[in-house]
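Using the sequences and the hints given, assemble the complete structure.
Chains as they are written, first to last, in the working numbering: chain A, 1 to 262; chain B, 1 to 225.
To be clear, the hints were calculated from the coordinates, so they are not data collected in a lab.
All C-beta atoms, glycine included, are put in the ideal place defined by N, C-alpha and C.
Watch out, some of these pointers could steer you wrong.
[To be verified] For lysine to aspartate or glutamate, the following DMTMM-like pairs were computed, each having C-alpha atoms within a straight-line distance of at most 25 angstroms:
id: 1; chain 1: A; residue 1: Lys-132; chain 2: A; residue 2: Glu-201
id: 2; chain 1: A; residue 1: Lys-94; chain 2: B; residue 2: Glu-121
id: 3; chain 1: A; residue 1: Lys-149; chain 2: A; residue 2: Asp-139
id: 4; chain 1: A; residue 1: Lys-130; chain 2: B; residue 2: Glu-121
id: 5; chain 1: A; residue 1: Lys-116; chain 2: B; residue 2: Glu-121
id: 6; chain 1: A; residue 1: Lys-94; chain 2: B; residue 2: Asp-116
[As the list claims (entries may be wrong)] Simulated coverage check for chain B against chain A, where a stretch passes if three residues somewhere in it have a Cβ under 8 angstroms from a Cβ of chain A:
id: 7; region: 115-126
id: 8; region: 137-144
[Unchecked claim] Far from chain A, by Cβ distances over 12 angstroms, these chain B residues were calculated:
id: 9; residue: Arg-3
id: 10; residue: Ile-7
id: 11; residue: Tyr-9
id: 12; residue: Tyr-17
id: 13; residue: Val-36
id: 14; residue: Phe-61
id: 15; residue: Phe-89
id: 16; residue: Ile-167
id: 17; residue: Val-199
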Amino acid sequence: MTEAADSMAPAIAFRTVSKSYGQHQVLFDVSAEIPRGATVAVLGSSGSGKSTLVRCVNRLEDFQGGEIGVGDVRLAPGVATRGARKLNDRQVAKYRTDIGMVFQSFNLFQHLTVLKNLIEAPVGVLGWSKEKAVARARDLLAKVGLPDKEEAYPSRLSGGQQQRIAIARALMMEPSIMLFDEPTSALDPELTGEVLSVVKELALGGRTSLIVTHELTFARDVASHVMVLDHGRLVEFGPAKEIFRAPRSERTRRFFESGGLR
Amino acid sequence: MQRTLTILYEFRDTLLYGLGVTISLSALSMLAALVVGLVAALGMLSRRRWVRAPATFYVEFCRNTPILVQLVWVHYAWPEIFGLKFTAFYSSLVALTLQTSGYLAEEYRGGIEAVDKGQVEAAKSLGMTHARLMARIVLPQAIMRSVPGLLNQFVTCFKSTSIVSVIAVPDLMYQAGLIVSATFLTMPIYTIVAIIYFVVVFAISRSVRWLTRKLPTTGYFGAAA
Ligand SMILES: Nc1ncnc2c1ncn2[C@@H]1O[C@H](COP(=O)(O)OP(=O)(O)OP(=O)(O)O)[C@@H](O)[C@H]1O
Ligand SMILES: [Mg+2]
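Shown next, in the form of structure tokens:
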């Protein structure tokens, strides 16, 4: 493949992805090609399958039908492959190092200080030297506005602070893809601003991001693309500008109205 | 009272020797059980059935057979079943380790399962393998959580040692029996033994309680308080 063609290839390609929990189907034939560098707002009401879809990308969830192409890796039900080769557990773990994830509930390691939360995986998984990891960690802590919290344990921090640390922890790995699953939903309203600005200033540039959010104003502000899920079906996907101006589906229009847009 | 103290003084070496055996037996089996119990707990939680099944069987077996039966079984049946013949002391050590490791495995398992699944997902998403995230994220937190339970099992283990006198391990109980059969001072000797056990077990369980209360103010527990 030529370089030009390669850079045109989507960063993430969902092809008729279907998933069920037992009898309960939660994703129906979801297909979408996410261009490299896109910031995709994943919208939809509660239970529509947003988390599930995003978690399939880094293999926290398996699925039953279709496939997801991520770079040169192809995820299919029960198996991940690169070219003709099946990836084993270790290689799947390696695959995840290039995909950062930020969770609604922060999920910081409670027994480690902030600094150790940040350097654990770069040193242990990527094999960085401790000096390199610490230097990058300090740089990121400064950028998320918490330079004085290195030695603090997570439980001593506010939710907003914990989430900014969690974002820094994911960025330590220098991933080319970032997944956010409602990064501000567990926060008091007055703390969402500090987290969203860190997402915007720090996490989005130069990489492909999927952001599940209920913050429609934020989505309109940062998203290049929008996906809207409804009961496990992708009812809308396209450039954010067009969709926010003129949603194609009735479902999306009602969703925007209920979220106070327009 | 005067007479009791005289008797205690007269047989101090015999009794102290017995107490030494009791303490070393319980300490050694506890140490062994700390390791074996952890391995068994990890086995029970393994994703592989052929690891999980034997580990679960081991733990259930250890917890659901009386210590006396285990002791006699190890000492008299293992030579034939496994071709393993131990001295009475080592048979006791093995039996106490079996019993205690079964209980400790349950303590560890509880600790491991109580670790927040979100942290496991975060560790996975950072590229950690199952082995690495167990070692670096789950176990450190699980073990800290298990400490009070583990310490309590130590008290149980100490008390269980008194059974080993039935296969003639010269522990405190056995030594007392020797003195009684030589002197016929049944009442004072067994009373002294009861008091010694009480004092030691009481001291241990009080320290355990103190440690358990102290624990939440150290390390990240301190941060959580
Ligand atoms: N582990 C699970 N087992 C069974 N059902 C599940 C599981 N996880 C999610 N579901 C179901 O799958 C559907 C989609 O869930 P998902 O969490 O992806 O929705 P969501 O769009 O992220 O919702 P929310 O906005 O509430 O986070 C829901 O009906 C949910 O009940
Ligand atoms: Mg969700």
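Do the hints match the structure? See the list:
no. : hint                   : in the structure
1   : A:Lys-132 to A:Glu-201 : 23 angstroms, holds
2   : A:Lys-94 to B:Glu-121  : 15 angstroms, holds
3   : A:Lys-149 to A:Asp-139 : 13 angstroms, holds
4   : A:Lys-130 to B:Glu-121 : 24 angstroms, holds
5   : A:Lys-116 to B:Glu-121 : 17 angstroms, holds
6   : A:Lys-94 to B:Asp-116  : 23 angstroms, holds
7   : 115-126                : holds (count 9)
8   : 137-144                : holds (count 4)
9   : Arg-3                  : 57 angstroms, holds
10  : Ile-7                  : 53 angstroms, holds
11  : Tyr-9                  : 51 angstroms, holds
12  : Tyr-17                 : 43 angstroms, holds
13  : Val-36                 : 24 angstroms, holds
14  : Phe-61                 : 31 angstroms, holds
15  : Phe-89                 : 39 angstroms, holds
16  : Ile-167                : 43 angstroms, holds
17  : Val-199                : 37 angstroms, holds
Every hint, counting from the list given before, is met by this structure.
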